[in-house]
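Starting from the given sequences, assemble the full structure and let the hints guide the process.
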Amino acid sequence: MQFQLYSQLLKLDLSNDDLLQMYYVLYYDLKQEDKDMAENIAKLIEIREKAKIELRKLLFNIKNSIQASAVGTAVLNFLPVFLKLDYLARNTFNNLNLKVCYEKEKKNIKLYYQTLYNQDIPSSTLDVLFKHKNKLESLP
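Residues in the sequence shown are numbered from 20 upward in steps of one, following this note's numbering.
Please note that a few of the clues may not be correct.
[As the list claims (entries may be wrong)] Under the rule of at most 35 Å between Cα atoms (straight-line distance), these lysine-lysine pairs were calculated in the DSBU-like manner:
hint: 1; residue 1: K126; residue 2: K62
hint: 2; residue 1: K76; residue 2: K123
hint: 3; residue 1: K125; residue 2: K30
hint: 4; residue 1: K152; residue 2: K82
hint: 5; residue 1: K30; residue 2: K123
hint: 6; residue 1: K54; residue 2: K125
[To be verified] The following label-pair restraints were derived from C-beta to C-beta distances:
hint: 7; residue 1: D53; residue 2: L145; range: 35 to 43 Å
hint: 8; residue 1: L49; residue 2: K126; range: 17 to 25 Å
hint: 9; residue 1: E68; residue 2: F149; range: 16 to 24 Å
hint: 10; residue 1: K125; residue 2: A61; range: 15 to 23 Å
hint: 11; residue 1: E65; residue 2: L145; range: 17 to 25 Å
hint: 12; residue 1: F149; residue 2: K50; range: 36 to 44 Å
hint: 13; residue 1: Q23; residue 2: D146; range: 13 to 21 Å
Hints were generated in silico from the structure; no laboratory data involved. These numbers come from a predicted model, not from an experiment. No residue lacks a Cβ here, since even glycine has one placed at the ideal position from N, Cα and C.
Written out as structure tokens, the structure is:
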């Protein structure tokens, strides 16, 4: 159960990082006349930065709580690398625009649902994930 939760949280973290990077690029490529858009993207960046910190705390706590064998330890250490490489391979050549960001936001929220409803999750982790999901779903 812990390994599955750990891998799903890693996927959420990678998705969050990808969106965060896209928002930073969009933000710094905006013209000065686009103040409303800059404010909206700045809000998204703030939400994603907070989610990043909280997801990384959850990952750290889960990784430290797992009593793993030598094989389990190897999996815990290399799983983030493999998932990141997979994510990079799938997302490196995406066009950067708001439509792509919107589609990735929808996929990110779907990842939250998959994580929340597919397993037994500690209540503290559940609270954090529900808070993120609700905040993201309330965005325009």
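How the hints compare with the structure:
no., hint, verdict
1, K126 <-> K62, "holds, 19 Å"
2, K76 <-> K123, "holds, 23 Å"
3, K125 <-> K30, "holds, 14 Å"
4, K152 <-> K82, "holds, 22 Å"
5, K30 <-> K123, "holds, 13 Å"
6, K54 <-> K125, "holds, 25 Å"
7, D53 <-> L145: 35 to 43 Å, "holds, 38 Å"
8, L49 <-> K126: 17 to 25 Å, "holds, 24 Å"
9, E68 <-> F149: 16 to 24 Å, "holds, 19 Å"
10, K125 <-> A61: 15 to 23 Å, "holds, 21 Å"
11, E65 <-> L145: 17 to 25 Å, "holds, 23 Å"
12, F149 <-> K50: 36 to 44 Å, "holds, 37 Å"
13, Q23 <-> D146: 13 to 21 Å, "holds, 19 Å"
Of the numbered hints stated above, none is contradicted by the structure.
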